[in-house]
Each structure stands twice: as C-alpha cells, then as structure tokens.
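Q: Each chain, written out:
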Amino acid sequence: MAHAHKIDFPAFAQDVQAPGKPLVYLDSAAMAQMPRAVYDAVRAHEERARANVHRGVYALSETATAAYERARECARSFVNAATAREIIFTRNTTEGINAVASSLGKTLLRSGDHVLVARAEHHSNILPWQMLADEQGIILDVVESDDTGVVSADAAHAAFTPRTRLVALSHVSHVLGSINPIAAIGRLARERGILFLVDAAQSAAHLPIDVEEIGCDFLAFSGHKMGGPTGIGVLYGREELLKEMPPFLRGGGMIRSVSFKESHWADPPSKFEAGTPNISGAIGLAAAMEYVCGVGFAEMRRVDEALTRATFARLDAIPGVKIFGPRDPALRGGVVSFSLDSVHPHDLATILDREGVAIRAGHHCAMPLMERLGVAALARASFWVYNDPTDVEALGQGIEKAIHILRAA
Amino acid sequence: MAKGLRKRFIFCAPHNSQYEIMSDPLYQGTLLEHYHAPRNYGLQDDFDAEARVDNLLCGDSITMRIAFDQARVRAVSFAHAGCVISRASASLLTEYIKGRARGEVRGLSPGVAVALLQAPLTPARIRCALLPLEAILKMV
Chain A
85 MAHAHKIDFP AFAQDVQAPG KPLVYLDSAA MAQMPRAVYD AVRAHEERAR ANVHRGVYAL
145 SETATAAYER ARECARSFVN AATAREIIFT RNTTEGINAV ASSLGKTLLR SGDHVLVARA
205 EHHSNILPWQ MLADEQGIIL DVVESDDTGV VSADAAHAAF TPRTRLVALS HVSHVLGSIN
265 PIAAIGRLAR ERGILFLVDA AQSAAHLPID VEEIGCDFLA FSGHKMGGPT GIGVLYGREE
325 LLKEMPPFLR GGGMIRSVSF KESHWADPPS KFEAGTPNIS GAIGLAAAME YVCGVGFAEM
385 RRVDEALTRA TFARLDAIPG VKIFGPRDPA LRGGVVSFSL DSVHPHDLAT ILDREGVAIR
445 AGHHCAMPLM ERLGVAALAR ASFWVYNDPT DVEALGQGIE KAIHILRAA
Chain R
4 MAKGLRKRFI FCAPHNSQYE IMSDPLYQGT LLEHYHAPRN YGLQDDFDAE ARVDNLLCGD
64 SITMRIAFDQ ARVRAVSFAH AGCVISRASA SLLTEYIKGR ARGEVRGLSP GVAVALLQAP
124 LTPARIRCAL LPLEAILKMV
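Chains as they are written, first to last, in the working numbering: chain A, 85 to 493; chain R, 4 to 143.
None of these hints come from the bench; they were simulated from the model. C-beta: ideal position from N, C-alpha, C; glycine also. Be aware that a few hints might be false.
Said to hold, decoys possible - Going by beta-carbon spacing under 10 Å, a handful of chain A positions derived as facing chain R:
| id | residue |
| --- | --- |
| 1 | His428 |
| 2 | Pro429 |
| 3 | Thr434 |
| 4 | Ala445 |
| 5 | Gly446 |
| 6 | His447 |
| 7 | Met451 |
| 8 | Lys485 |
| 9 | Leu490 |
Stated by the list, open to error - Interface residues of chain A toward chain R, partial, derived using beta-carbon atoms under 10 Å:
| id | residue |
| --- | --- |
| 10 | Val427 |
| 11 | His430 |
| 12 | Ile435 |
| 13 | Asp437 |
| 14 | Arg438 |
| 15 | Met454 |
| 16 | Ala486 |
Turn these sequences into a full structure, and let the hints steer you where they fit.
A: As structure tokens, then:
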C-alpha cells in the first residue's frame, strides 16, 4: 500500500500550515523528502566517523574513507557501471553536466562541432552546451519532441549531422513526465560515434538505470531528488573517456604530483573530485539508494502510475484544467504539469499552500519548452513513494478552492 | 457591498467538510477587489509615456501609459497579464499616483506598493507587487 511508506519520512509528522492540515508534498521533482534511514546513516557517520577522506593515516580517517568508497560502490551498483572508477561524486546534476561540458570543451570538442539537445531540456542541460557555443564556437542543434513530449529515436537520428559529436538528453522530462527512449538513442549514438550524455535527474528515483543497457557515455543525477541529502550527486562517465578528459576543478585530492613546473593528475575518479567532497552527503546518498532498492522500482512504478491515473481523473473533472504530456500514465514518470484557466500558477500555488499542499509553479527551468507550449508558467505536481490518493484529493480540492476565490465574482 | 455579503456568510467548520471556508487571508478584501475590478485597466490613447515590464520568471507582464499635466500625473492606464497580486498592485498604484507630482512619484518606495495591497505577502510574492512600480518608475 502506498501510504505505508509515509511513516518512513519524518517530514510528514508535522502540520505545516495549521492543525489538521498535514503536509501534502507534491514537489518531489524539485526535492524529495528524506527517509529516517538516511538521517540515521548521516548522523551515525558524523558522530563516529567524521574525518577527511583519502588523506589521513589515523583510524577515523580510514573509517571515513572506507565508508565514502563503499558509497561509491553503492552508486556503481545502482547504475550498473562496470567499475567504481566511473563514478564521480558531484554536488548535483547541474554540476555533473557542467563538468562534462567544460572538460570536453577543452579537448574532444572543437569549434564547428555540433552538440544536440532537446528543446524540452532543463536549463542545466542546455546552458553548459550554450556556454561551449558562446565560448568555443560549438554549434548547438535543437531537436523537438512530439506532441506527447517524447524525443523519438527517429527524431534524434534525423537531427544528427556529420559533425554531431555529442547528444545530451533527459531520461524523463521534469515538466511533461514523458519518458525518452534513451536505450534506442544510445544505440544510434554509438553507431555514429556520437557521445551520449543522459540527464537522469528526474528518472533516477523512479526508473531503474542501467548505463550498460542505455549505452550512454555520461549520466548525471542528484541525491536530493531520491531521498538523499542536498549537495550530493553522481556523474557516471565511461572510464576510457574519463582517462582522456582534463579535470573540471583543480585542487587537493585530484593530483599525483604538484610542482610549479608541472603537475600531474590522479586517475579517475579522484581526478574529478577536487577538494574535500560532501562525505556525509555520499554516505546519505548510499543510504537513500538502499532505501530506494528496498522499496523496489516495481513499487515505484506502481505508485507513480496509480497517482498519475488518479490525478488525471480528479483534474479532468475540473473545468478549465489542461494537462500536459502523455495521456497514458504507463508512459509517464511521476510528474504532472497543468494549467488552469483564469488562474495564474503562482496564485494557485499560494492558495494550495494554505491547505498544506506544496506544488511548484513557474517556468520550471525550461523556458524554451514554455515558449513552445505557449505558456509563461505552469503548475506542477510530482509524486514519490510517500504520496497517496488522499494527496491527489487534497490537490483537487485546493484547485477548486482557488477557482472559487479567484474566478470573477 | 460584496465584502459585507461575504462576511455575513462566513462560518467556521471542520477541515475537509463541505462547509470549508472558501476564503483566504491573502486573497480577500482590497487585493481581490482590485483584481476583479482593476482601476485604470485598459490602455488609453492619450498618453505621454509608455513602459512595459515583464517578469519572465513567472510570466507577469504590465504595460503602462501615463499622461502628464506639466509636472503632475494627469491620467494613467495599464494592460496586464499574470497573477492576482501584480494586477491588484497596478490598480492600486495607478490610483495612488494620479494627481501627484512627478518628483513625488519618482521617490515612491517599494514599501508603499506593498502597503497599498493591505495583504500579508510572502517574500516570494513581493516581486509581483513591485512589478507595476517598476513600470511607473521608468516613466517619471
């Protein structure tokens, strides 16, 4: 049963707005709540094993290092990477994509090379490539999604040019909930010798990730969207590439030797982890991954589909609501964006907030997509394991209340 | 008139009952009145200056026109797309500046715009209240 999971999350023990109005959290696509198991793991680490990693020779440091590397192995297993050397801990998805763009921009990508992104991408998977266009003369091509928001393999294929060197695409759209056929696109990219980066920020907590099956060269996701702490994310990169790529940031911990004449880098993944990392974040992320695997992706899908279906039914009953993205809940990740006639998303979100319901309203860091959809802003409800049908009902009632208050008297 | 009627029919009820209060501490009174019946709404042809301000973050857009009589604001009109707060704020601010000297309007502080609304704005929504002020300040 879906709401059996809610008790795992301390955040739901509070009434945020008023007594009798429990937190109805429908913004997991921005940030997921943390299960108690993650708090406990982080706290235990900080209380008993807090020390810097890879640097000390005393017991506490070795314990911390072992825990950090255990977390790395956990992430390796989570995405089925061949080796833990392909797992780099970052701050979040944005940092992972920036690291790849910046590093490739220095070497493997040359002026006049093409990079392909989709119009519907999050700004974090557009701007780093636009940076290369601005600074290095890379040509940024844009592929459109179909009416349901999916970038088909055919569309991607048609958008490849003889000079396309990289394609960067999200797995699940954080606005439309559509699921891109990334394994098929990965195959196409591989055949053409085109590098493939997957933005898995929205999918990592909802769908199983297998980098070998996808055939991608890079994949990035965030810990805070899957019950992990903030400030931690994972960048997967194929080892052969990581060995060739220059570091993104330079500093302590990523070197073999340093002198003022010349410095030499450590091997991946250390090469890409300059400075003291978010150690407790990594430990927390590993605990979150264990939690997710404990729930299981079959259950994740069941929750997503059931709540998406329930949301469609509830919202379809309200005049003036328009839902975006695929109509088949089985073809969606757990995200439902919608508009409401005569009610601005920010006003809707404020009134919902009064009822303890948290949704997101705005451009969702996807202005090119908003422009294509012909809207300035949308409201978005997103689900995770702790949501249940009463949350959907609270959303529906809140929307009706907003209509009552705001539509012309 | 409408405000008085609303007050008469408000009564308390348990949460989630069908008699749930259909009102809101923010969306009521002055704010709602000026949203549903905004003053100076609809661009007039007689104007001396025009300014348009967009908040791309949320999609609010205000176009404002001012007609001056020497150094005073003679008439104001505006067009608007977007949220309740920015429209109500435009309505209140345009009323406020009518007849005032340019110098006085130039010195208008954000606090005045917020105070006119007589509504408890959260920090995230203050930006909405200030959008019409931004348009006005472009023209005086």
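Q: For each hint, tell me whether it holds in the structure or not.
A: Verification of the supplied hints:
1. His428: holds, 4 Å
2. Pro429: At 8 Å from the nearest chain R Cβ, Pro429 of chain A passes the 10 Å test, so the hint holds.
3. Thr434: Given a least distance of 6 Å, the restraint on Thr434 of chain A holds.
4. Ala445: The hint holds - Ala445 of chain A has a Cβ within 10 Å of chain R, the shortest such distance being about 8 Å.
5. Gly446: holds, 6 Å
6. His447: Because about 7 Å separates His447 of chain A from the closest Cβ in chain R, which is inside the 10 Å limit, the hint holds.
7. Met451: holds, 7 Å
8. Lys485: holds, 6 Å
9. Leu490: OK, holds: Leu490 of chain A within 10 Å of chain R, min 6 Å.
10. Val427: holds, 9 Å
11. His430: With a minimum Cβ separation of about 5 Å from chain R (threshold 10 Å), the hint on His430 of chain A holds.
12. Ile435: holds, 6 Å
13. Asp437: holds, 9 Å
14. Arg438: Given a least distance of 6 Å, the restraint on Arg438 of chain A holds.
15. Met454: holds, 8 Å
16. Ala486: holds, 8 Å
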